[in-house]
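Chemist: Protein chains in written order, with my numbering: chain A, 1468 to 1632; chain B, 2 to 449.
FYI, nobody ran anything at the bench for these hints, they're computed from the structure. You may find that some hints are simply not true.
[Unchecked claim] Derived contacts from chain B toward chain A, CB cut-off under 10 Å, selection only:
1. R38
2. P199
3. V200
4. V245
5. T248
6. T281
7. E445
8. V447
9. P448
Computed from a predicted model, the values in this text were never measured in an experiment. Heads up, the beta-carbon is just placed ideally off N, CA and C, and yes, glycines get one too.
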Amino acid sequence: MMGAARAIGFELNGEPVAALARPLDSLQSVLRTQLGMTGTKAGCRQGGCGSCTVHVDGEPTVSCLVPVEHVEGRSVTTIEGLGTPEDPSPVQAAFHEGFATQCGFCSPGMVAVVTALLERNPDPSRDEIAEALAGNICRCTGLAPIIAAVEDAAARLREREGAPA
Amino acid sequence: MNDAKPFDVIGRTHERREARGHVTGSTVFIDDVSFPRMCHLKAVRSPVPHARIRGIDFSEAERVPGFVAHLTAEDIPKNVYTILCLIGVEPDEEHVLASERVRYVGEPIAAVVAETEDAAFEAAAKVRLNLEELPAVFDVEEALEPGAPIVTHWGTNHFVYEGHHCRRIRYGDAPAAREEADRVISGRYQLSPIEHAPVEPTGCVAKPEADGRVTVHTNTQAIFFSLDNTAIILQIAPHRLRFVGGTVGGGFGGKVDVIVEPLATLAALRTGRPVKYVYTRQEEMQVSSTRSASRLYMTDGVMDDGTIVSREVTTYHDAGAYSRHSPYGCTKHAANAAGPYTIPNVSVDVHCVYTNRTPSSAMRGFGVTEASFALEMQMDRIAREVGADPWELRLRHAYRNGDERPYRKTTEDASLVETIQAAAELAGVELSADLRAMSSDDREGVPG
C-alpha cells in the first residue's frame, strides 16, 4: 500500500498549486489527471520515451519516474508554461515552422528538452543536439527536421538576445 | 460568382495547421480525454500461447475497492468476428474475449472495469484463470505439417481463398521455363515480426449519452471500420454510435484493427458511465498486432546473359492467432511477389498461416514490403551469380508501359526505369549511356 494522500504544494508554471496525492503518485499522473496539464504526454510510463519531460527547477526530467513528493516546494514547468498556440516560444515556433512535428505526440517532450539545452548551450553542435534528444523517441522518423529546427531555434534565441549570429 | 484562387500550393511552404497544437501541448490525444465519473477498463490476458480455459474466478477481483464490473465472452453479443467481414471476408474467427481456448500470449480473456486506473490494474491482476495448457505452434511451416496443433476453429492452420489452400498466381508456365533455363537460382528469405511502436498507445473513451447513443473518442486510424465492427460485435444499430477521432499519435497501420472500442463501448452501456480503455506500453508492444513474419522461397530460371525467364515464389505469411488484415496482405503480396519486373513465366503461392503468435496485421505497405525485401535480395543474388551489373539487371527487367502483369493487369503508369536512373544519380553511380537512355515507354536498348 502506498502512503495516505496528503496535500503536496509546488510551483507550476509560475503559480503556486497543491495536489492531494499519495507520496508515490508520479508527477506525471498528478499533472495530467489533477492539474489538467495534459500537454505532458504518457507514452510509456517507464522512463523510456521522453514524451512526459517537464522542467523541475529548470532541469529536464521525465515526470513519469518522479514521485510527486520529490517536487514539493520546487518549481515545475510544463509545455503549457513554455508558450501557447497564440504566443509560442522560439523553440515552439521553430518546431512548428520547420515541420519538426508529425504525429505530435513526442513534441512536448522534445520542446522541453531543447528549451533546457539552449538555455545552457546557446549554440550546440548537431552532435550535442542529438545527444540531448537521445532520451526522446520519435517513431515518425522525423529526426532530421527536428535537429534542423533546434539549430533554427538556437539562431532565433541568439538573435533575440542580441548576440552575433 | 467565382472566387477560385489560382493554383499556388505546389512549390510553396504552407503551415501545418495542427502543428501549432502539437508543439504547445494543446493537441488533445486520446488519453487526454476525460469525463466526470469515468471508469477505467483493463484486460485480463493469457500468460500462455495456447490453452483451454477451464475457469475464470472474479471473487478476489470483486473485492478490490473501486471494482465496478467485469466482462467475459458471454457478455459479448457477437463475440466471434473478423475485421474484414465488412468487405465480405470469411469466416468469423477472432474472439473479442477468448472463450473455450486462448491462442496467443496476451489474448484478452476477460475485462474489469473500476473507478480508477489503479483499481482496474489491481482487479485485473486478481482475476484467477484456470488454464489447461495445450501444445502450441510458432513456425509457419511446422504449422502446416500433419499433426501440428490446430489454431483455428475449423481444423486447418491456413486461410482458405475461394476454396484454395493459398493465394495463387499462375502466369505462363514457370516450371517448364525453369527446365529450359541455363541455371536455376534460389533463395530463402525470412522477416521477423515488426511492432509499430507508436509513441501514443492505442486507446479510446466510450461515453454513454442521454439520448441512448454512445460517443466513442478513439485514436483509431480506421474510424468507420471501427464504428461498423463495434456495431456488429455489440449487435446494435450503427446510428447509436458516434465515433470521434482524427488525432493519432503514431499509427503506421497499428491502429487499423478494431481492438479497444467494442469492449469500452459495451462497458459504457453496461455501467452507464464513461469508460476509458488505453493500452499500457507493455500491451502496445506485446499484444497489438505486428507486421507479419514472412518466409519466402524464390526459385528463378535464369539465362547466362542474365535474362530471367521464370520466377516461382512460395511464401508463408505468419498471420498469428487471428487473420485480421492478413488475408488482404497476402493477396497484395501475391500480386507483387514477382516484383516490378517483367518475367514471362511466374508462379506464386502465398500461404496465410495461423500460429500461436501475436496476430499480425496492417503495417506500411504490408505484403508488398516483405516481397520487395526478398526479391531485391534475390535480384542481387542473380547479378552476383551471372556476373551482371545489378543496376543493368534491374533496368533490363523493369516493367514498361503496356506490359501485362502476372495478375493480368496492363501497366499504364510505370516509372521504375526513371526511378532507378534517378537513384543511381543520387548514389553517385555512373550508368552507361545505353542505360541512361532507357525509358518506361519502350524496350529500346534491352537486348533480346
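Chemist: Kindly indicate which numbered hints from before are broken by the structure, ordering the numbers from low to high.
Modeler: 1, 4, 7, 8 and 9
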